[in-house]
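Chain by chain, the residues:
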Amino acid sequence: SQQGEEDPQALSIQEGENATMNCSYKTSINNLQWYRQNSGRGLVHLILIRSNEREKHSGRLRVTLDTSKKSSSLLITASRAADTASYFCARTKNNKLIFGAGTRLAVHP
Amino acid sequence: GAVVSQHPSWVICKSGTSVKIECRSLDFQATTMFWYRQFPKQSLMLMATSNEGSKATYEQGVEKDKFLINHASLTLSTLTVTSAHPEDSSFYICSAGAGGAYEQYFGPGTRLTVT
Chain A
1 SQQGEEDPQA
11 LSIQEGENAT
21 MNCSYKTSIN
31 NLQWYRQNSG
41 RGLVHLILIR
51 SNEREKHSGR
61 LRVTLDTSKK
71 SSSLLITASR
81 AADTASYFCA
91 RTKNNKLIFG
101 AGTRLAVHP
Chain B
1001 GAVVSQHPSW
1011 VICKSGTSVK
1021 IECRSLDFQA
1031 TTMFWYRQFP
1041 KQSLMLMATS
1051 NEGSKATYEQ
1061 GVEKDKFLIN
1071 HASLTLSTLT
1081 VTSAHPEDSS
1091 FYICSAGAGG
1101 AYEQYFGPGT
1111 RLTVT
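Protein chains in written order, with our numbering: chain A, 1 to 109; chain B, 1001 to 1115.
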């Protein structure tokens, strides 16, 4: 499969806690993107991190990239019930997006 | 921001019939559109890439005669599922890009159920 690995597959936390999702890939990348998908909906782009960047922030989101380990993580701080969704990492290959398996996050009030 | 629409948002059809799904970029011209398929609790799998005015490029394992893709204009691409079978039931998502794969904007998806 061309898909990357994401862990955990599912994550259940309480509001206010932090959520960390990890993504690993096998080939070199130019950039990595993270997307969010609410149940039964389309994807929303969250962050793009380039291969020469190590960390990027956007509001309560923090993405790190370790190209030596071929891995990336998405941290959501102070989670809210509205953060409940599936989160996918995606890398670009041959002008196509290859998505990871995704992490299903459930944030309980 | 860039908006992509899909129509219909859901459709139920009988086995053997054909279904057409439209993907439109509402406020930008999309040189490339992508079609994905997603099964429940799974990730998105790219089916095909279409460029305006040319034939679509299908991913390995995707039947081009079953999933007909037309990208007739810079704002419209259509996916037609021909002779649908229950195993074609899935969530179909399109995306449109003005700058290749790096910058894709996703439609809200179409839920297809074949009975």
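Just so you know, the hints here were simulated from the structure itself, not pulled from any lab data.
Possibly wrong hints are sitting among the right ones.
Think about it this way: if two alpha-carbon atoms lie no more than 16 Å apart in a straight line, the pair counts; the simulated EDC-like pairs of lysine to aspartate or glutamate are [unchecked claim]:
id: 1; chain 1: A; residue 1: Lys69; chain 2: A; residue 2: Asp83
id: 2; chain 1: A; residue 1: Lys96; chain 2: B; residue 2: Glu1103
id: 3; chain 1: A; residue 1: Lys93; chain 2: B; residue 2: Glu1087
id: 4; chain 1: B; residue 1: Lys1041; chain 2: A; residue 2: Glu5
id: 5; chain 1: A; residue 1: Lys93; chain 2: B; residue 2: Glu1103
id: 6; chain 1: A; residue 1: Lys69; chain 2: A; residue 2: Glu5
id: 7; chain 1: A; residue 1: Lys96; chain 2: B; residue 2: Asp1088
id: 8; chain 1: B; residue 1: Lys1041; chain 2: A; residue 2: Asp7
Chain A side only, calculated, beta carbon under 10 Å to chain B, not exhaustive [to be verified]:
id: 9; residue: Asn18
id: 10; residue: Ile49
id: 11; residue: Phe88
Covered by chain B, according to a simulated footprint, are these stretches of chain A (three or more residues, beta-carbon under 8 Å) [as the list claims (entries may be wrong)]:
id: 12; stretch: 36-47
id: 13; stretch: 71-82
Keep in mind that this is a model prediction, so the values were computed, not measured.
Each residue gets a CB set at the ideal place from its N, CA and C atoms; glycine is no exception.
These are the hints, each one checked on the structure:
A hinted pair counts as satisfied when its Cα atoms are at most 16 Å apart, and lysine 69 of chain A with aspartate 83 of chain A does not qualify at roughly 28 Å. Between lysine 96 of chain A and glutamate 1103 of chain B the alpha-carbon distance is near 10 Å, which keeps this suggested pair within the 16 Å criterion. Annotation: proposed proximity of lysine 93 of chain A to glutamate 1087 of chain B is violated, straight-line Cα distance about 28 Å (limit 16 Å). Under the criterion of a C-alpha separation no larger than 16 Å, the hint pairing lysine 1041 of chain B with glutamate 5 of chain A is consistent with the structure, at around 15 Å.
Distance restraint check for lysine 93 of chain A and glutamate 1103 of chain B: the Cα-Cα separation of roughly 13 Å lies within the 16 Å cut-off, and the hinted pair is therefore satisfied. With a C-alpha separation of about 13 Å, the suggested pair lysine 69 of chain A and glutamate 5 of chain A falls inside the 16 Å cut-off, and the hint holds. For the hint linking lysine 96 of chain A to aspartate 1088 of chain B, the alpha-carbon distance of about 23 Å lies beyond 16 Å, and the restraint is violated. Using a Cα cut-off of 16 Å, the hinted pair lysine 1041 of chain B and aspartate 7 of chain A holds, with the two alpha carbons roughly 14 Å apart.
At a threshold of 10 Å, the smallest CB-CB gap from asparagine 18 of chain A to chain B is about 24 Å, leaving the interface hint violated. Checking isoleucine 49 of chain A against chain B by beta carbon gives a least distance of about 12 Å; that is not within 10 Å, so the hint is violated. Interface restraint check: phenylalanine 88 of chain A against chain B, minimum CB-CB distance 6 Å, threshold 10 Å, status holds. A count of 6 residues in the stretch 36-47 of chain A with a Cβ less than 8 Å from any Cβ of chain B is obtained; the coverage claim is therefore met, three being the minimum.
Check result for the stretch 71-82 of chain A against chain B: violated, 0 residues qualifying (beta carbon to beta carbon below 8 Å, three or more required).
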